[in-house]
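S.K.: Here are the chains, one letter per residue:
Protein chains: 2
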Amino acid sequence: MNKLVLLTLAGTLAGAAPAAAQTTEKLDAAALAKIRDEGLNRSKVMETAFYLTDVNGPRLANSDGLKRANEWTKAQLTKFGLANANIEAWGDFGRGWDIEKSYVAMTAPYYHALVGIPKAWTPSTPGLVRKQIVVVKANTEADLAKYKGQLRDKIVVMSVAASLKPATEGAIRRYSDEDLKKLAAPVPPPPPGTAVAQDGRKILAALRAAMTDMLVSEGAAGVLSARGGIYGTFNTSNGAPYAADAKPALPEIETAPEDQLRLIRLVEAGVPVEVEMETKTRFQTQDLKGYNVVAEIPGTDKKLKSEVVMLGGHLDSWHAATGATDNAAGCAVMMEAVRILKATGLKPRRTIRIALWGEEEEGLYGSRGYVKNHFADPATMQLKPEHEKLAAYFNLDNGAGKIRGIYAQGNETAAPIFQQWLAPFADLGASTVTLRNTGSTDHIAFDAVGMPGFQFIQDGLDYFPTTHHTNQDTYDRLIADDLKQASVVVASFVYDAAMRDQKLPRKPLPAPAKPQ
Amino acid sequence: MNKLVLLTLAGTLAGAAPAAAQTTEKLDAAALAKIRDEGLNRSKVMETAFYLTDVNGPRLANSDGLKRANEWTKAQLTKFGLANANIEAWGDFGRGWDIEKSYVAMTAPYYHALVGIPKAWTPSTPGLVRKQIVVVKANTEADLAKYKGQLRDKIVVMSVAASLKPATEGAIRRYSDEDLKKLAAPVPPPPPGTAVAQDGRKILAALRAAMTDMLVSEGAAGVLSARGGIYGTFNTSNGAPYAADAKPALPEIETAPEDQLRLIRLVEAGVPVEVEMETKTRFQTQDLKGYNVVAEIPGTDKKLKSEVVMLGGHLDSWHAATGATDNAAGCAVMMEAVRILKATGLKPRRTIRIALWGEEEEGLYGSRGYVKNHFADPATMQLKPEHEKLAAYFNLDNGAGKIRGIYAQGNETAAPIFQQWLAPFADLGASTVTLRNTGSTDHIAFDAVGMPGFQFIQDGLDYFPTTHHTNQDTYDRLIADDLKQASVVVASFVYDAAMRDQKLPRKPLPAPAKPQ
Numbered sequence: 001m002n003k004l005v006l007l008t009l010a011g012t013l014a015g016a017a018p019a020a021a022q023t024t025e026k027l028d029a030a031a032l033a034k035i036r037d038e039g040l041n042r043s044k045v046m047e048t049a050f051y052l053t054d055v056n057g058p059r060l061a062n063s064d065g066l067k068r069a070n071e072w073t074k075a076q077l078t079k080f081g082l083a084n085a086n087i088e089a090w091g092d093f094g095r096g097w098d099i100e101k102s103y104v105a106m107t108a109p110y111y112h113a114l115v116g117i118p119k120a121w122t123p124s125t126p127g128l129v130r131k132q133i134v135v136v137k138a139n140t141e142a143d144l145a146k147y148k149g150q151l152r153d154k155i156v157v158m159s160v161a162a163s164l165k166p167a168t169e170g171a172i173r174r175y176s177d178e179d180l181k182k183l184a185a186p187v188p189p190p191p192p193g194t195a196v197a198q199d200g201r202k203i204l205a206a207l208r209a210a211m212t213d214m215l216v217s218e219g220a221a222g223v224l225s226a227r228g229g230i231y232g233t234f235n236t237s238n239g240a241p242y243a244a245d246a247k248p249a250l251p252e253i254e255t256a257p258e259d260q261l262r263l264i265r266l267v268e269a270g271v272p273v274e275v276e277m278e279t280k281t282r283f284q285t286q287d288l289k290g291y292n293v294v295a296e297i298p299g300t301d302k303k304l305k306s307e308v309v310m311l312g313g314h315l316d317s318w319h320a321a322t323g324a325t326d327n328a329a330g331c332a333v334m335m336e337a338v339r340i341l342k343a344t345g346l347k348p349r350r351t352i353r354i355a356l357w358g359e360e361e362e363g364l365y366g367s368r369g370y371v372k373n374h375f376a377d378p379a380t381m382q383l384k385p386e387h388e389k390l391a392a393y394f395n396l397d398n399g400a401g402k403i404r405g406i407y408a409q410g411n412e413t414a415a416p417i418f419q420q421w422l423a424p425f426a427d428l429g430a431s432t433v434t435l436r437n438t439g440s441t442d443h444i445a446f447d448a449v450g451m452p453g454f455q456f457i458q459d460g461l462d463y464f465p466t467t468h469h470t471n472q473d474t475y476d477r478l479i480a481d482d483l484k485q486a487s488v489v490v491a492s493f494v495y496d497a498a499m500r501d502q503k504l505p506r507k508p509l510p511a512p513a514k515p516q
Numbered sequence: 001m002n003k004l005v006l007l008t009l010a011g012t013l014a015g016a017a018p019a020a021a022q023t024t025e026k027l028d029a030a031a032l033a034k035i036r037d038e039g040l041n042r043s044k045v046m047e048t049a050f051y052l053t054d055v056n057g058p059r060l061a062n063s064d065g066l067k068r069a070n071e072w073t074k075a076q077l078t079k080f081g082l083a084n085a086n087i088e089a090w091g092d093f094g095r096g097w098d099i100e101k102s103y104v105a106m107t108a109p110y111y112h113a114l115v116g117i118p119k120a121w122t123p124s125t126p127g128l129v130r131k132q133i134v135v136v137k138a139n140t141e142a143d144l145a146k147y148k149g150q151l152r153d154k155i156v157v158m159s160v161a162a163s164l165k166p167a168t169e170g171a172i173r174r175y176s177d178e179d180l181k182k183l184a185a186p187v188p189p190p191p192p193g194t195a196v197a198q199d200g201r202k203i204l205a206a207l208r209a210a211m212t213d214m215l216v217s218e219g220a221a222g223v224l225s226a227r228g229g230i231y232g233t234f235n236t237s238n239g240a241p242y243a244a245d246a247k248p249a250l251p252e253i254e255t256a257p258e259d260q261l262r263l264i265r266l267v268e269a270g271v272p273v274e275v276e277m278e279t280k281t282r283f284q285t286q287d288l289k290g291y292n293v294v295a296e297i298p299g300t301d302k303k304l305k306s307e308v309v310m311l312g313g314h315l316d317s318w319h320a321a322t323g324a325t326d327n328a329a330g331c332a333v334m335m336e337a338v339r340i341l342k343a344t345g346l347k348p349r350r351t352i353r354i355a356l357w358g359e360e361e362e363g364l365y366g367s368r369g370y371v372k373n374h375f376a377d378p379a380t381m382q383l384k385p386e387h388e389k390l391a392a393y394f395n396l397d398n399g400a401g402k403i404r405g406i407y408a409q410g411n412e413t414a415a416p417i418f419q420q421w422l423a424p425f426a427d428l429g430a431s432t433v434t435l436r437n438t439g440s441t442d443h444i445a446f447d448a449v450g451m452p453g454f455q456f457i458q459d460g461l462d463y464f465p466t467t468h469h470t471n472q473d474t475y476d477r478l479i480a481d482d483l484k485q486a487s488v489v490v491a492s493f494v495y496d497a498a499m500r501d502q503k504l505p506r507k508p509l510p511a512p513a514k515p516q
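Chains A and B are the protein sequences, given in the same order. In case it helps, my numbering puts the first sequence at residues 1 to 516. In case it helps, my numbering puts the second sequence at residues 1 to 516.
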């Protein structure tokens, strides 16, 4: 899931509650029973998740890890019996980047190895560097200017909030019945201040860019920064741009807040602090393109097989862990769903196409590129012939929890259909349809050009704040029963959409984002 | 707190519930008000804790960090106005050991920096070594023998439990009223199987020793092991003996379970895994003695000033963090208690002596040595003259939570006195007296020779399983309000004991542990 999720959810307006069912869905109970049996009793979802995470490793946009995962998923989907597996370029992304060494420690007043990892797309240090640190506290460019002349050959420690809030809640959370009831109801308008928060982010980004330029021009040796986390879990993201022509940045390590706070407290108490760091990072500039992996189960109905039901999730991740909950889990479930459909021998009328997206974390680039190449450019809303052929797109990218329902994304005619499709899964905990939108992941690319794109509601488990974009998003976080359940629900939805006489109903086409 | 705590608690028999008060205690309300005012409104406890943790660093037995802390606490107690501050040898301990470099990463099938730290008293690697790994699963020496011939020049990864239990509870816990009621009641006898668990530990220790010998003789390059923890928190302890004449061991790093499990899963799936590690550790063999820090507030009553009220806690810690909750918190509270007593200008009748113990984690060595040197040898129960002069010893070492009461350690005549001493602190949450014993820390050294030694009941906060002996036992875990409260309660207890007409009543003298 892309990092904008919380703001987007807060800024979303839900429509009215789903109207009563308009049509009666013809469900194939025997087929659904086969899907459930295969998915619950002969699941391969944990094996798939293991290969996606442990074996392929971190999957940062255009990294070696993502390339490995692209190759592996293409081969594995073919092994599952899918046709037309392909690693398809969606357009230009930017530089690849991988870590070859990551080491940081405090060496004075005593030795302490810090927990940390280079921020993405930051350059290497010139070998092992050992320097005094300077703590920089700056909320404005004027604050920043005060440090001029003090940073040469120093390791800059960016200040953070003064203390950590003790963890009073368990990491694992599930939706209660009450939570789901609230989720199914329309949301109130966003509270005043949401727009301000967005402005705050822009100001911060501008400050951050100014800071990088200044640190480089002042000749600082490196940067240590921290954003969030507790007890050795910490957030991570990029510390420099990935564009081929990006301005130079400094070697930078994101640390666990406990370590960062210790450095800051020592400096504030007047204790001289020295840090050594060694990062070796490798940029790849031969291929700046980004890719998605696609594969198909061809439809069997002469009239309908030119129509497509898509399912997918993003395969890329951040780099400090193996992106297990964000979003190997979603990909493993989607791969398992198509494996189930092949293993059961069911014959879908429409073509089913799985897509594992690249470069989602930087802005849904993989899915947006694919949608633009195949369906429509949201800027112009010029529709390509494939646009009318898409029956539905289903996405999974809200962690590793089981499915509790689906976001109907304001589509009032689809909602009662989903309600009926979910009915067989009430015993597995999936029964909620909300008209609310959810954002920050790849179904948005489809929704943006008026196609029926949806994301499922999932139990959060430890997604926020523990695993999402942290160094602890690993295979150990996955719970087999949750992923099996999700695979069965997704496979059934995809099958229902592939068998239905009509494609899923659509919302009215949006206006072009940039009218000509 | 020493690592045996859980077994000891489980194996403890409580006596009957405290009888009704036998005597009426004369409490000096004005003095207690002064103590409370100083301790709650002009506290220095967090400043003291900061110096103990962040500034002095990890304080492993006989390490540089512990030496720094000994010097600092001696100086600081003198600054607080205490007399006779002294760093007093308690006897022979073994080698000092400090870390100068700690680095470990997986380098194949892809690069991943592991979270880990050398186990205490393990030797250095010969620079950076990069080796293939072998996973060793052995529950018996016969299991172990199967690996002969496979370990030369390999990094050995010790197997661990197959998966991590998701964290469903928050890290921070406090005693509820119900919990305290249960704690005040006698405990049932230990469940069958407790003795077996003790046997299991011995078997494991013997296996571990055999394993070390074999790994050394087989020529393994190093060891990675993991015991417990989740989300980047991990346990740590020693991996080799500290005795001056200890047999050689291998360089060994204790890792976060997530990292260890990833290595194991990859090997089990047939993926070749390579790890690089570099540890630089420094042994100190010039001074093999262990030390305690002591200082006094001399008594003012001619008749009683030769009698002593002691308070203390262990200053040493494990090495992966700064031992904030185990036990800088206890030491900071004890130091704050004597600071408060000096700052208020109160004139205790008896002498008050603070002791900050060394080498507790390896077996309560500092306090046991002190007791043997000053009071009595539990082996013979030959009493020294100081034995009868000790009015009481109060210990703090159950984390960083506020005080909720006191363990009367089976002393039925002391219990009603404590009940009255606690009465003024009901509003601060401290009101429970239990006759139960608690073990695994330094009051046991006093109790073992028939002197009145007690430990307070504290809220657990995140002590188990998050901070106790982990890499996350840092200053960030301390909550100022808890430590202020504890300081006030301790200062008051010490003052009450110093002013009371009689010393605290004692239990009957125990028999010699080794009768002559």
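For the record, the hints were derived by calculation from the structure and aren't laboratory data. A hint or two may mislead.
[As the list claims (entries may be wrong)] Covered stretches of chain B (chain A as the covering partner; in silico rule of three or more C-beta atoms under 8 Å from a C-beta of chain A):
id: 1; region: 89 to 102
id: 2; region: 164 to 170
id: 3; region: 231 to 242
id: 4; region: 308 to 317
id: 5; region: 426 to 432
id: 6; region: 470 to 476
[To be verified] Listing some non-contacts, in silico: residues in chain B with all C-beta distances to chain A over 12 Å:
id: 7; residue: ALA31
id: 8; residue: LYS181
id: 9; residue: ASP213
Note that beta-carbon positions come from the ideal geometry of N, C-alpha and C, so glycine has one too.
S.K.: Quick check: the region 231 to 242 of chain B, covered by chain A? Criterion 3+ residues, Cβ under 8 Å.
M.R.: holds (count 4)
S.K.: Checking C-beta pairs, does the region 470 to 476 of chain B have three or more residues closer than 8 Å to chain A?
M.R.: holds (count 5)
S.K.: May I ask you to check that B/ASP213 keeps its beta-carbon over 12 Å from the closest beta-carbon of chain A?
M.R.: 29 Å, holds
S.K.: For the region 426 to 432 of chain B, do three or more residues have a beta carbon lying closer than 8 Å to a beta carbon of chain A?
M.R.: violated (count 0)
S.K.: Check the non-interface label on B/ALA31: least C-beta distance to chain A beyond 12 Å or not.
M.R.: Check passes; 33 Å lies beyond 12 Å.
S.K.: Examine each Cβ of chain A, and state whether all of them lie more than 12 Å from the Cβ of B/LYS181.
M.R.: 23 Å, holds
S.K.: Taking beta carbons only, do three or more residues of the region 89 to 102 of chain B come closer than 8 Å to chain A?
M.R.: Coverage by chain A holds here, the residue count being 5 at a Cβ distance below 8 Å.
S.K.: Closer than 8 Å Cβ to Cβ for three or more residues is the test here. Does the region 308 to 317 of chain B pass it with chain A?
M.R.: With 0 residues in contact (Cβ-Cβ under 8 Å with chain A), the coverage given for the region 308 to 317 of chain B is violated.
S.K.: Counting residues of the region 164 to 170 of chain B that have a beta-carbon nearer than 8 Å to any beta-carbon of chain A, does the count reach 3?
M.R.: Since 6 is at least three, the answer is holds.
In summary, the structure is inconsistent with hints 4 and 5 from the numbered list given earlier, while agreeing with the others.
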